[in-house]
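Residue numbers (my numbering), protein chains in the order written: chain A, 47 to 462; chain B, 47 to 462.
What the hints contain is simulated information worked out from the structure, not anything from laboratory work. Keep in mind that the hints are not guaranteed to be accurate.
Just so you know, same-sequence chains aren't split out, so a pair can sit in one copy or run between any two.
As the list claims (entries may be wrong) - DSSO-like, lysine-lysine: derived pairs with alpha carbons at most 30 Å apart:
| # | residue 1 | residue 2 |
| --- | --- | --- |
| 1 | K380 | K335 |
| 2 | K90 | K128 |
| 3 | K131 | K161 |
| 4 | K415 | K74 |
| 5 | K74 | K164 |
| 6 | K415 | K90 |
| 7 | K128 | K74 |
| 8 | K335 | K415 |
| 9 | K74 | K123 |
| 10 | K128 | K164 |
This is what each chain is made of:
Number of protein chains: 2
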Amino acid sequence: GSMSAVKLEECRQHIRAQLDSVVDFWLKYSHDTVHGGFFTCIGKDGNIYDELKYVWLQGRQVWMYCRLYRTVDRFRKPEILKAAKAGGAFLRKFARVSSSSGQWKCAFCLTRDGKAVKVQRSIFSECFYVMAMDELSRVTEDQDMQLEAEQMMEQLIHWVRVDGSGLGRPQLPGDVPTNSMAVPMMLLCLVQQLSEDRRGVEQKYAELGSWCVQQILQHVQRDGAAILENVSADGSELPGCLGRLQNPGHALEAGWFLLQYAAERGDEQIQTTAIQKFVELPYESGWDKAHGGLFYFLDVDGHCPTQLEWSMKLWWPHSEALIALLMAYSQSRKAELLQSFFQVYEYTFSHFPDPAGGEWFGYLTQEGKVALDFKGGPFKGFFHVPRCLYMCERILDDLLANSITFITIVVVKGTV
Amino acid sequence: GSMSAVKLEECRQHIRAQLDSVVDFWLKYSHDTVHGGFFTCIGKDGNIYDELKYVWLQGRQVWMYCRLYRTVDRFRKPEILKAAKAGGAFLRKFARVSSSSGQWKCAFCLTRDGKAVKVQRSIFSECFYVMAMDELSRVTEDQDMQLEAEQMMEQLIHWVRVDGSGLGRPQLPGDVPTNSMAVPMMLLCLVQQLSEDRRGVEQKYAELGSWCVQQILQHVQRDGAAILENVSADGSELPGCLGRLQNPGHALEAGWFLLQYAAERGDEQIQTTAIQKFVELPYESGWDKAHGGLFYFLDVDGHCPTQLEWSMKLWWPHSEALIALLMAYSQSRKAELLQSFFQVYEYTFSHFPDPAGGEWFGYLTQEGKVALDFKGGPFKGFFHVPRCLYMCERILDDLLANSITFITIVVVKGTV
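Could you build the full structure based on these sequences and the hints that come with them?
See the structure below:
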């Protein structure tokens, strides 16, 4: 009721200020004005400790800048557009590497001046390339760029659904086809990206979107009691550590992707599954009752995961949890979801942000101590933090707009 | 003096008992009597939590069993030989995968029944294959097997010194040739393995051994003030995180490889460098003054490493430090080295062994709490712990044999 509305208004103000501050941090420290693109290895106080350019993070930063520029009035600034364009130009010029198969493959990592250092045998560099190009094309209205995004998307679909040999992994008899959560999640995200406000494209990718949702739902295992990160191609549990692995942050991220999908279609069944299985379940099983925060990895049978960092508290599962819980609350108005949101909110904002140096720390020990003190690194760029703040601000705007009359009444009563 | 001798005798007894107990653990839990080879994913109390067979660890366990069988009377037991032979047969039958180039490549990971799951684009599976086959051939006197080890060695030399394209990594313009410590270290280890008590083979690999030593010495950087894990092919410092990375455990392991090499040749210059630069320096810079124990990774300029596990305390750097410090002491008789050995000994035996479940824990937090509670995993097998205990027992045998007169005198005096 009124308490929640007041508290949500405080959250909104705080999140808004955090987003402004985080955007300022990256505008100030990350731009390479010589070669274009972004430095992402940024230390505690803004120092660049490595000049390598990670393609995932280049693509994500272009996307995030463009999204903010396009949809939030106060970020419609020339310097943001200029940096996004320079990042896009850098990616177009350098990210794609020639491959013997003639297929488009993106590097994982480039030197400051754009020479390829490493290529991964997975689809994710290409996914963030598509995200960047599509969103940039919406800002610049560059039709060629949008076409390029769709061409790369066709390549991705071919790798995932037809023939993955172009990714360069040798076919091995013991390497059974696996449905890893990341793949359908990422493709669903791209379907939503490419389809937004474009009827023709929406129809083109409708079947793919539905397929992605089904692939994601296959990760509900153990009679609905757990989300598993990897399942077999036919949706059954895989043996060993791989099969038992849980990644609560990933499940929560899939949760809000599904909630968006359900909302677009008014699909209550997917909405219910998303809330119960992909939001409530991973939040409950992933939360560390002893020290607070979300574990990075867990084993569904309680064995110790083999990932050395399993018990660490990373920034991004908390970012995704905030979006998922707030979106689930806004769609369902279940009070428990708002309470869970406040619990994650409290942990997140008392542990991750660095008021002195700006931005968030990314990696805490299980007990909540900062374990790695940089603000950007090979996997932490301008993405999860600002996307979380941006999404939460928008959801809070909607929630508070709808409760404004109620708040007014409470305030008037209070002054009498 | 006398105090040290008494203390060293206590160490020897403890280490001997630890080695017996660790061997018992693996004999009891790790053997796959159905398919041959070894389970290595072994939980806190001996339970197998994953049946995958990691080729590094298969090869290392064959090597360690054979080495114990061949050189330590109390381990000359039929069950050890039988398990080593079964492991060797499993490796020979399943580890090598066909490659398009016609070159021999070993898998990184196999299913329980030997189907290849993953192939790495590096040389290490093949290195441990050579170690296993050579040591097994010494026990079984199988000349074909020894020949096979040398053939695989030729393949390794070709990849490292002539043409690495057969490893399957694409050539990329930003991927400059790098001298990573692991490569010359591993090859030097194999030279020593293949050459032991074989004059012809020793001569065949003499130039390679010398080249490996020079490649290792190139890692002494910053005017002798630091060992860096990766340097350029011409021995200069590389830019960024890669160039600044330090791995104290690795440097210490290289240290005792160099000490062995120096002792075989009576080369005092290499001995001095090994002690000062590869034992004392990484021990001093790698030791955590606040919480004790050796860091896993450090950045030479004090930046935060990007490896999430950088501040964790792993079992193997401590195993390597014990060997390196004790060997350096036995060669130099510098009292400070013995003090350092006792410091690492104290930390190691008060933190890693699990008296209840047997074997050692492998992964502690910076503060020394067990972070991963399994006894074996994808990278922890029957190798670093028993090799450390075996090497230290031997060195202590030598040290104590030479001080026996002195100890006797002290004891006699004490009783007067």
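Status of the hints after comparison with the structure:
Proximity of K380 to K335 under the C-alpha cut-off of 30 Å is restricted to the intra-copy arrangement: shortest distance 22 Å within a copy versus 50 Å between copies. When the C-alpha separation of K90 and K128 is checked against a cutoff of 30 Å, the pair qualifies only within one copy, where the shortest distance is 26 Å, while the shortest distance between copies is 55 Å. With identical chains, the CA atoms of K131 and K161 are at most 30 Å apart within one copy only, with a shortest distance of 19 Å there and 48 Å across copies. In this homomeric assembly, K415 and K74 come within 30 Å of each other (Cα to Cα) only inside a single copy, at 27 Å, whereas the closest approach across copies is 39 Å.
Taking the shortest alpha-carbon separations for K74 and K164, only the intra-copy value of 28 Å comes in at or below 30 Å, while the best inter-copy value is 43 Å. For a Cα distance limit of 30 Å, the shortest separation of K415 from K90 qualifies both inside one copy, at 15 Å, and across copies, at 27 Å. With identical chains, the CA atoms of K128 and K74 are at most 30 Å apart within one copy only, with a shortest distance of 14 Å there and 65 Å across copies. For the homomeric pair K335 and K415, the shortest alpha-carbon distances inside one copy (16 Å) and between copies (18 Å) are both at most 30 Å.
For the homomeric pair K74 and K123, the shortest alpha-carbon distance inside one copy (14 Å) is at most 30 Å, but the shortest distance between copies (67 Å) is not. Only within a single protomer do K128 and K164 lie at most 30 Å apart by alpha-carbon distance; the minimum there is 28 Å, versus 43 Å between protomers.
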